[in-house]
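Residue numbers (my numbering), protein chains in the order written: chain A, 1 to 149; chain B, 1 to 138.
These are computed hints drawn from the structure, not numbers from a lab. There could be a bad hint or two in this list.
[Said to hold, decoys possible] Here are some of the chain B residues that sit facing chain A, going by a computed Cβ distance under 7 Å:
hint: 1; residue: Leu8
hint: 2; residue: Ser10
hint: 3; residue: Gly11
hint: 4; residue: Leu12
hint: 5; residue: Thr16
hint: 6; residue: Ala35
hint: 7; residue: Ala71
hint: 8; residue: Ala74
hint: 9; residue: Trp78
hint: 10; residue: Gly89
hint: 11; residue: Thr90
hint: 12; residue: Leu92
hint: 13; residue: Cys96
hint: 14; residue: Pro110
hint: 15; residue: Leu113
[What the hints assert, rightly or not] Calculated pairs, DSSO-like style, for lysine-lysine (alpha carbon to alpha carbon, straight line, at most 30 Å):
hint: 16; chain 1: A; residue 1: Lys145; chain 2: A; residue 2: Lys97
hint: 17; chain 1: A; residue 1: Lys145; chain 2: B; residue 2: Lys43
hint: 18; chain 1: A; residue 1: Lys51; chain 2: B; residue 2: Lys43
hint: 19; chain 1: A; residue 1: Lys97; chain 2: A; residue 2: Lys51
hint: 20; chain 1: B; residue 1: Lys43; chain 2: A; residue 2: Lys146
A virtual CB, placed ideally from N, CA and C, is assigned to each residue, including glycine.
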Amino acid sequence: MSGTTNIRAVAIAFLAGLIFAAGLTLGGMMDPRKVQGFLDIGALFGVGGGKWDPSLAFVMGGALVVSLLAFGGVKSHHVPWVTARFELPTRRDIDAKLVVGAILFGVGWGIAGYCPGPALASLFTGGTDILWFLGAMLPGMLVAKKWFS
Amino acid sequence: MHPYLISLFSGLLIGTSVWLMLAGLGRVTGISGIAATALTAPKESLWRFAFLAGLIGGGLLFVRLFGTAAAGVATTPWLIVAGLLVGFGTVLGGGCTSGHGVCGLGRRSPRSLIATLTFMAAGMATVAVIRVLNGSAA
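Only chain A is shown next, with the shape it has when bound in the complex (with noise of 0.2 Å):
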């Protein structure tokens, strides 16, 4: 990222968290509770007791509507417009660590109700538990980049 595009690129990147933050305060993806609930898929089916709450599904849904169309409409000519040309991964193989690390991941949000994105967005507003949660999130991601990378 060259020197002069380096201003702009900051003041996108910075509104692109905000807009993302509002996104996940406006649907309640900031609220454990919300997660889980549509994580509660046994509710469904009456085990537990639970009501399921589809809330999620339909961030998720909004979400991805707009991800297609964006990312369906970049073309190979195409330039980004304050960087040199796109990043974007290209590895297209099934392998252990992306399945295991799944799993990983699916567990520790089943029990907490946070991923990393809501989770950052809470840092002023989650309580003690968010200094635990990413006081344990941040270790974890160093642990692995220094292990498989």
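Once you have looked at the hints, place chain B on chain A.
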């Protein structure tokens, strides 16, 4: 407005953020990747810190505005276990709900489809076990 319409609109906002990062910076909005790389390569991560500042600042601002109350669902030891699993698992698996779930599916990536189905299933199984062990809904 119906709560599900609000959820859908919230998703459109998240999608808008993803579109902005793609069109502007040519990047996927994978929050676990952004956070992990900001930690390990801070010098090349100015835009990542800017995104995180917006996300964290926005969280503070919009929770105040919309008044969404959050309540924890786990005790401190379990929060630590969950945090370790989420941090380690998202880096090992190369993404989280945003990177695989929103961006990866948007890119029609088979890796992200498998990852998303897997972490959704693992999360659902985990909550089912918690509910059964607790004997009743929280």
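Kindly indicate which numbered hints from before are broken by the structure, ordering the numbers from low to high.
Checked against the structure, the hints that fail are numbers 15, 18 and 19, while the rest are satisfied.
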